[in-house]
Amino acid sequence: MRSQMREELKFLGYILPWLVGFLLFFLVPAGASMVYSFTDYNAIKPPHSVGWSNYSRLFEDPIYLKSLRNTLFFVFIGVPCNLLFQILVSSLLNVPRRGVSLFRTFYYLPYLVPMIATVMIFRLIFSTDYGIVNHALDWFGIAKIGWLEKEAFAKPIIVLMNMWAAGSGILIFLAALKGVPRHLYEAATMDGAGKIRSFFVITLPMITPAILFSLVMQMIANFQLFTEAYLLNKGGPNYASSTYMLNTYNTGFRDFKFGLAMAQSWILTLIILVITVVVLATSRRWVYYEGGDNR
Amino acid sequence: MSRSNARATALLQYLLLLIGLAVFIGPLLWLVSTMLKTQGQSLEFPPRWIPDPVTTEAFSRLFRSLPLAWHWLGNSLLIAVLVAIGTVLSGSLVAFGFARTQARSKNALFIVLMATMMIPYQTTLIPLYLIYKNIGWYDTWLPLIVPSYLAGAFYVFLFRQFFLTVPRELDEATYIDGGTSWTVYTRILLPLSVPVLMTGAIFAFVFSWADFFSPFLFLQTAEKYTFIIGLQLLIGTQSQDLPALAAGSMISLLPIAILYLFAQRYFTEGVVLTGTKG
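Protein chains in written order, with my numbering: chain A, 89 to 383; chain B, 12 to 289.
No lab work stands behind these hints: they were computed from the structure. Each hint should be verified, as a subset may be incorrect.
[Claimed, not checked] Okay, the calculated beta carbon distance ranges per label pair:
id	chain 1	residue 1	chain 2	residue 2	range
1	A	N130	B	L153	20 to 28 Å
2	B	T151	A	G187	36 to 44 Å
3	A	Y143	B	Y25	52 to 60 Å
4	A	G101	B	L153	23 to 31 Å
5	B	M128	A	A275	32 to 40 Å
6	B	I30	A	I132	27 to 35 Å
7	B	F273	A	A275	37 to 45 Å
Using N, Cα and C, we set each Cβ at its ideal position, and we do this for glycine too.
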């Protein structure tokens with residue numbers, strides 16, 4: 089009994105830094121934000137309770153709704169495009185050719201570029217008057233396009249930025265591809281399956297655990313997209329790339345409606361949790377687990 | 012497959028690899044090209060890949076319009092180093108607790124730890140900001156540094172995964188020799204885990220260096236800025252000076268690129284061990 093007690097204390101001693109951080113920097117603020125989300129707190133006057141009105145009036149705010157729709161675009165269109173791209177590039181890096189590891193080194197590099205530099209690079213490339221993209225289009229006789237000024241391009245350019253910086257996702261898929269046992273491909277070849285068929289019946293099912301992991305992580309990251317949109321165009325033009333987090337940031341730090349901003353934060357947290365749980369729940373149907381009975 | 016067919020496949024694969032290379036590295040080369048141009052030449056259409064003349068004027072203009080730039084670089088470096096140290100110290104300590112003690116509450120708390128990784132940060136963001144304001148941490152580096160000394164869940168997970176691969180026989184031998192769990196932690200696990208600790212330190216350094224959001228939110232006085240935040244000022248004031256913007260961007264990514272060049276192994280292993288994304 090005594091020794092169990094001592095073991096418990098020893099454990100708590102080692103994890104003390106995390107425990108302190110969890111209580112003071114997570115539990116306390118999360119609790120506070122729950123309480124304040126039902127008030128009109130603005131950091132100047134003492135808060136008054138406003139019931140559910142912070143939550144109910146959100147759905148009448150057109151900019152809030154537009155930001156929410158934009159964010160859903162990044163999550164449900166941007167993320168799948170990104171995953172597809174990452175799988176294709178990692179398959180390319182998986183070919184048994186000399187020098188391929190050198191390519192891998194360079195493909196990963198953009199992932200490490202600070203977001204502010206990535207944004208500058210994209211501004212240079214897509215600049216209407218001086219950009220290299222419009223220059224290339226010029227060859228084909230296509231007139232200059234205002235990539236950064238048109239609403240229609242605001243979101244796709246951010247998706248492209250995420251694709252360019254997809255290095256870590258590519259490495260995760262590459263590791264998964266290397267983990268596929270060779271004998272499966274040999275068996276498939278003997279059964280007369282071609283390259284493309286092998287990819288769909290062997291490669292894809294075998295890397296589903298990596299797809300699930302990347303899907304969940306990238307969905308969570310895209311729900312919280314802020315820096316790209318803020319630095320590229322402050323969410324413009326006409327809120328075309330305003331994201332949920334950008335809108336919440338404006339609500340809190342520009343308009344000082346902290347109570348409302350905290351209500352928005354909780355709704356996003358709830359949306360993320362629900363979607364994550366749904367994805368994880370359906371994953372039993374499509375993710376292959378080695379050694380598990382794959383229903 | 013015939014011989015010429017195999018050669019065609021190889022050719023096609025190399026061609027695709029080169030196209031990929033152009034996609035990933037081309038934009039960086041364009042950045043280099045722009046930063047070496049005169050301001051006038053950067054505004055030419057059609058643009059040219061090779062600057063003529065090659066000039067480093069952009070850097071002089073950058074440091075002239077941002078007189079605090081060197082100061083900010085020093086700030087960024089200091090903060091990132093302190094964050095890296097804190098991450099390794101606290102992360103390895105907590106990971107040791109989870110990997111090597113027999114407490115009953117261990118599994119339950121580990122689930123809580125993992126859950127905090129899944130919960131989006133904005134849940135706590137605004138109250139944290141208000142708390143920092145109230146305790147006098149706003150406009151100091153404390154909100155950027157202190158959390159790294161309180162063991163981020165991701166790093167605890169990373170280190171714990173590695174600690175679990177170290178054979179327990181080594182612990183037992185230490186206990187027989189009269190050592191305590193502290194001896195096991197400092198003399199056995201830490202020395203054996205240098206590679207994964209390096210990975211953790213490097214990631215913490217890079218993420219701290221490149222971070223926009225926290226310093227943007229918590230710093231106000233220009234003297235305290237990190238380089239990334241200072242650079243953002245330039246977008247507002249010198250948006251027509253493309254070479255200077257490019258030069259600033261290059262400076263922001265250079266330390267990371269150099270680190271990557273010399274410690275590539277730690278970067279790739281870290282990604283594969285945990286599969287992180289930002």
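Check: Which numbered hints turn out to be false for this structure?
Finding: 2 and 6
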